[in-house]
Amino acid sequence: MIYNDAELSLDVNSRTKQMISTGIQFSTQDVNTARIIFTVTKDGERLPLSSVVGKLVMIMADGSRFVRNVDIVDKVEGVAQYVLSEDEIKHYGNVQAELNLYYTNEQSLSVHKFSFVIDQALIDSNITPVAEYYIDDFESLKSAIQEIVGEMNQTLAELEEKFSNLENIETKTGAQAKADKALADAKVYTDDHANRTDNPHEVTKEQVGLSNVVNSEQATKTEFTEHVEDNVRHVTSEERDKWNGTSDVARFEALGQLSLILKGSLYLKNDYNFFGYLSNGDHSNLATMEQNDIAKFGDAKAVTWLAGKDYVSVRSPKMYLVEKSDEGGNAVTPARTVYHSGNLTNHAIFTAAETQALTKNTKNKLTLLNNISSSFPAGSATAGTGAYKIPRSGAYFFQFTVRPTALTNANSVIRLGISRVRNGTTTEMDMQDIVASNAFQTGFYTGTFIYQFNQDDEITPWINPLNEDITIQAGTRYNIYYLGDTPTS
420 MIYNDAELSL
430 DVNSRTKQMI
440 STGIQFSTQD
450 VNTARIIFTV
460 TKDGERLPLS
470 SVVGKLVMIM
480 ADGSRFVRNV
490 DIVDKVEGVA
500 QYVLSEDEIK
510 HYGNVQAELN
520 LYYTNEQSLS
530 VHKFSFVIDQ
540 ALIDSNITPV
550 AEYYIDDFES
560 LKSAIQEIVG
570 EMNQTLAELE
580 EKFSNLENIE
590 TKTGAQAKAD
600 KALADAKVYT
610 DDHANRTDNP
620 HEVTKEQVGL
630 SNVVNSEQAT
640 KTEFTEHVED
650 NVRHVTSEER
660 DKWNGTSDVA
670 RFEALGQLSL
680 ILKGSLYLKN
690 DYNFFGYLSN
700 GDHSNLATME
710 QNDIAKFGDA
720 KAVTWLAGKD
730 YVSVRSPKMY
740 LVEKSDEGGN
750 AVTPARTVYH
760 SGNLTNHAIF
770 TAAETQALTK
780 NTKNKLTLLN
790 NISSSFPAGS
800 ATAGTGAYKI
810 PRSGAYFFQF
820 TVRPTALTNA
830 NSVIRLGISR
840 VRNGTTTEMD
850 MQDIVASNAF
860 QTGFYTGTFI
870 YQFNQDDEIT
880 PWINPLNEDI
890 TIQAGTRYNI
900 YYLGDTPTS
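Quick note: to get my numbering, add 419 to the position in the sequence shown (first position is 1).
It is worth saying that the hints were derived from the structure and are not from the lab. Careful: at least some of the hints might be erroneous.
Restricting the straight-line Cα-Cα distance to at most 35 angstroms, the calculated cross-link-like pairs of lysine-lysine (DSBU-like) are [said to hold, decoys possible]: (1) K743 x K808; (2) K715 x K743; (3) K779 x K808; (4) K808 x K784; (5) K688 x K743; (6) K436 x K494; (7) K715 x K688; (8) K688 x K494.
Please construct the entire structure, taking both the sequences and the accompanying hints into account.
Take a look at the structure:
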């Protein structure tokens, strides 16, 4: 649906209660589209609108009066709205309005008075609206009707009395004599009736409610005084004022004597804490939202557990481990970055299913490594080259398994190496020589070494046959395993 929206921000305070001229202007042709959107604040923050009924009072230029319920759009952010009805929009001219809030605990709050204008459209220039009086709440309407009926009955009684007096006009002297005799007779009758003890009207104990009185022992003066002074059973004025000033009490409902059920979201304000008491009378932090927008759980005063039925999921790209801290929670030892350690941490396993010819005295990149059996982190290994991007600085273990076809030389020397790209600079590194023999056709020859690399280094394996051209085939493998952080002194 389409609306002609007018946004209005109202602040609840006791300093400015004068009528606000909003500058809002609707037209008599804005039928069911003239919408006022209220944003309510208090003490500089959004006022929650839970457990509350909002009423908009409007007095039109022609004297018509409407009391309507507003729609609560966002209870947490304090947003409400009202769309003027077809009957209301036709009352053109200046409109005086006020937004009131009625809470379920019988408190009420005047938000603000304001005014806006309904302009008479040209097409409506020959239409004069009839004054109306409408209240959206049944009980308020009932009270208003009863008030009108009461005024009518009072007027009718006054008229009847005047007509009665006209029919009984007599002299002043005669009227005074009648009044004196009536007063004397009434006094005699009243005194006589008051002195009677024989229950002339036959009133029963059920009629006066005595049948509901239990004949039980009453508290003594001492017991009554002790009960009045019992501050455990009774709420003090300070406690009552504190509770009345807490709007979030309606968010909870009791579960037994020592538990509460939360009926909605609970927010922890910036730089506020949620504490738990320790057995020694001290307290330990359970949760904190610090000023620099860091969510903190636990502190150095108590052991903190994170427990789960099947697993505990920590969703973060990094974790920092501080081995020692002081009583204030400040790091004594520097924080170390902790990474995922599953599947033997960072690694890559490449295998070959094809053959590749290698040229003598040339650093041949291994294009036959077209299968990745396993790797971590995802996306760090590249099939077809054996390339691997180092995810974390530290020491790595390398294993080459070379399976050549038939060799010519009795002792064929094969050099294993790594091509490293760091910050755009490529470095060729000779790592190890292995010797293959033609005495064992299509044998497996393995070389291993350990080397330190930095995070984001890109490394690619190569093989350099030193004394003859060779061909390698399926069964050739290349594996990388992360061993741990680089040892420091």
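Evaluation of the provided hints:
1. K743 x K808: Given pair K743, K808 holds - Cα atoms ~32 angstroms apart, limit 35 angstroms.
2. K715 x K743: holds (17 angstroms)
3. K779 x K808: holds (28 angstroms)
4. K808 x K784: holds (16 angstroms)
5. K688 x K743: holds (29 angstroms)
6. K436 x K494: holds (24 angstroms)
7. K715 x K688: Holds: K715 and K688 sit about 13 angstroms apart, inside 35 angstroms.
8. K688 x K494: Given pair K688, K494 holds - Cα atoms ~17 angstroms apart, limit 35 angstroms.
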